[in-house]
Amino acid sequence: MKKHLKLTDISKDGDEQLDEINIDELVPLPPPYDKGEELPGIKQLTDDQRERLVCNLDGVVSYAALPKPANKEEEEKYVGQFIAGLKKLLSKENNWTFLQPLLLSIDYCARCQTCNDACPVYLASGEKDFYRPTYRSEIFRRIINKYIKPAGKLRAKLGGGDIELNWATISRLYELSYRCNLCRRCAQSCPMGVDNALITRELRKLFSQEFGWAPKELHEKGTVLQLEVGSPTGLRPNVAIDNLKFLDEEFTESTGIRVETPWDKEGADVLLIHSAGDIISFPESVIAFTILCNAAGVNWTLSSEVGGYDGVNYGLFYDDVQLAKVAVRHVQIARKLRVKKIVMGECGHEHKALITVADRLLTGDLIIPRESVMTFLEDIVFSGKIKFDPTKNNFPVTLHDPCNVVRNLGIVEPQRRILRYLCPQFREMTPHGVDNYCCGGGGGLSVMSDVNFTDWKVNVSGRMKFKQILEAFADRLGPEVGKYVCAPCLNCKLQLRDLFKYYGAREKSGIIYGGLAELIVNAMVEIKKPFINWEEEQ
Amino acid sequence: MSLFLVVLTYFAYVFIIAMYVVKAIKIARLPLHLRWELYPVIYEPKSKYGSGFQEDEKGWRKSQGKKLRKGILYLLKENLRFNDYFKSNRGYWLVLFPWHIGFILIVAFHILCFFGALVIIAGNPVTANSVYVIGKIFYYCILITGVFSFIAGAFGSIGLILKRQSDKNLKAFATPQNYFNYIFTLIVFLSGLYAWIFADPTFAQYRDFWRGLLTLSPVSVEPATAVHIILFSLFLVYLPFTRSMHYITKFFAFFWVRWDDRPNFRGSKVERNITGLLNKPVTWSAPHIKSGRTWAEITAEEKYHEKTS
Amino acid sequence: MAKMQLAGVMLEVDEHGFMQETEKWNEDIARAYGAKEGINELTEDHWKAINYLRSYYLANGICPMIRRLIKETGFTLKKLYDLFPEGPANSACKWSGVPKATGCV
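Protein chains in written order, with my numbering: chain A, 1 to 538; chain B, 1 to 309; chain C, 1 to 105.
Fair warning: there could be bad hints in the mix.
Unchecked claim - Taking lysine-lysine pairs in the PhoX-like style, the calculated list, with each CA pair at most 20 angstroms apart, reads:
no. : chain 1 : residue 1 : chain 2 : residue 2
1   : A       : K92       : B       : K171
2   : A       : K392      : A       : K529
3   : A       : K88       : B       : K290
4   : B       : K171      : A       : K87
5   : B       : K26       : A       : K88
6   : A       : K149      : B       : K23
7   : B       : K290      : A       : K3
8   : A       : K92       : B       : K23
9   : B       : K168      : A       : K2
10  : A       : K12       : A       : K92
11  : B       : K171      : A       : K6
12  : B       : K168      : A       : K6
13  : C       : K3        : C       : K24
I should point out that these hints are in silico values taken from the structure, not numbers from a laboratory.
Produce the complete structure using the sequences and hints provided.
This is how it looks when you write it as structure tokens:
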């Protein structure tokens, strides 16, 4: 039975779970994935976990370290902190970075709910009230109106819908801010130009920048680790070089052509910044770039500076200060190497963080041209320097559009021109391009795996994407036909990995996933053995 | 009484314009923000499939192109048709659209009254059988916009009340102010309709009132017309306290956020702006920020030493 | 922070049961982890993988790439899954007493 939540319910019964996710209420998947009861679903917390952890939203916990207030005074302290944070969010000094978009989104929502139907989380969940893009935004808006604006408390009393700011509200808003992929489909659908994803991100910023609360994968083991040792994976410069050397040798052996990745070449035309996660988990992607750049005669290099071999910037997801530090680090490295431009690896949020968002954090000689991997690969493929045999890619291929490359950066066609040329059985998903569905790992969620959060990602946030993928391959869904989802983004690949593993997509439907560069190399005449490995489990 | 109507009308117009200008200036003077555009950016040449300029010129375009005209046209069209709503939420569109059309027409009605008054002052009577074509045109335009505005607006107001009550998605987010607004606008539109039917079927009085307004020679009108004039003035004064400005702020939201893809160059105005903003102090309290420094100082630090616990 | 009793030692673990203080690890802990996942006896092959993982982690601050693990041990991926039910990242690393891998991996 579906429960209807009121906005004011957010502040009630602080220790009680507000609602729960029922697998049979979720949007149905096509067969053979329609039997939800055969899957483990969302793991219930143990009694010990319920005792220790804050679990008062949907039965899912994304941040085990969220500190419960020990007593009434501490709760009051949190309320004070929240209000102080709100004031900073609304100040020109502390939040010039997003003040104008924030105010335009706070003050002019018409409460028409048009955006709800655009949200993959809301749709997939079977339309759970608290996953509406407007639910957390409206609560946030009412808190601002009540606690910050003149005569706010009086107006809240008269105007109804009075939201009480207490531990229940604060902790639930925290968790709710991580039930959104920041994919911005809602913003796209808004006739007023209101951006509920931006409001979600501002909430995350308030928690991170004022309270110091952020998922450990994004902050402590994310940006902090990246600035300190070089990568959120913990990969240090010498280990990165050592790994690549190992991979160069391995692939020289397996492909039969000489694979050599250049490091720290001063004055190169191109500094390519991969994600370190690709080096560790998807090395064939990294090597595919080496093969392509070398074959096309690009004068390029990787960097082994701390942070220079990992293009991720989790600050984009939760914290402007961390975002700025990481972005500046990236361009400082490029400046030191005196390269002509930086090319993003296959990582969506790296694109968005470094090409557009950080564009207005850079001044003077830090303004260095930055290019998308899509246009870079397009130039290589159509340069005429490499011979291709598209029949080598004669299997069904569909393209997953990373939100941060497409909807957020406007790079839509180059990757498609490549696929239409090299993949005879390329087909689009519906919808696609700037209207695509997020993989379900957007907004930093794909690297978050605390407690039972992964269960939520594969059951709820990734559901619409998985459904779309199955529909794109509906004509040949059997496991006997190998099918490839091209996902040119590390975070999307990680989410697809979790999704496909959970649903058994490889075994049941023969669907694998991978990047764009691997597909290109797979079609190279010079590469004799298939480059894409259909068997190996990641 | 007639003098009161003149004073009130002038006050209402000055008030609403002043309030809107102040609000618009406040938004316009907010600092430059980080780029946060969303595609399709409608004035990009290839916006049909959503592509932006990064696709062709590798992100380093210098010219801005003819974006303003294309963007404004798009938004104006959207403001007149509500196409987004028509496509996504037809039931809501059915009442929302007439309500807004009521506003657009009532504004048009008053603009026409203003110019009609000028036409009268210039010596051309505005009537159905005016010897001047312009007089005839104004007569019919005023009549049509007025009547349609009152009918559409009243229909929309009632429809929105019912819709907000019956649609659980809308109801959950409705506030008492929403209903107050609908009832208030309903009264404004109905008072106009009443005055038209029972007191002023050709709007002759209304035109005359406007002539008096502009020549500062107040004329007396029937009570029903007077009531409508008072209600409409109150409505204008009330508007700045509602979200009504979204008609205008929408342009800001689209041009300054959603479509704002201006790149940053060395020596550009954007760069000068940023340089100033980076010198603003940061006072966030979380330990990793180590507040008290400026944005520039924080981002320029070479190595990050402390690990937060 | 969660706690877990393994081989008679009270350990700080994350919510997935990975040890947080890797220096407290000993072979009995590895055996206890294995038993929890239904592997009652650790064979020489288990130890080969565990010892490699652990020494690589201690030297480099990160777990090795799967490819390296395969090359060093000579095991196929399938064999690794046979040895460690939840696979190299979720079982082998856990039994070796190193923290769960994070950060886009």
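* Sort out which numbered hints this structure fails and list those numbers smallest first. => When the structure is compared with the hints, numbers 1, 4, 7, 10 turn out to be violated.
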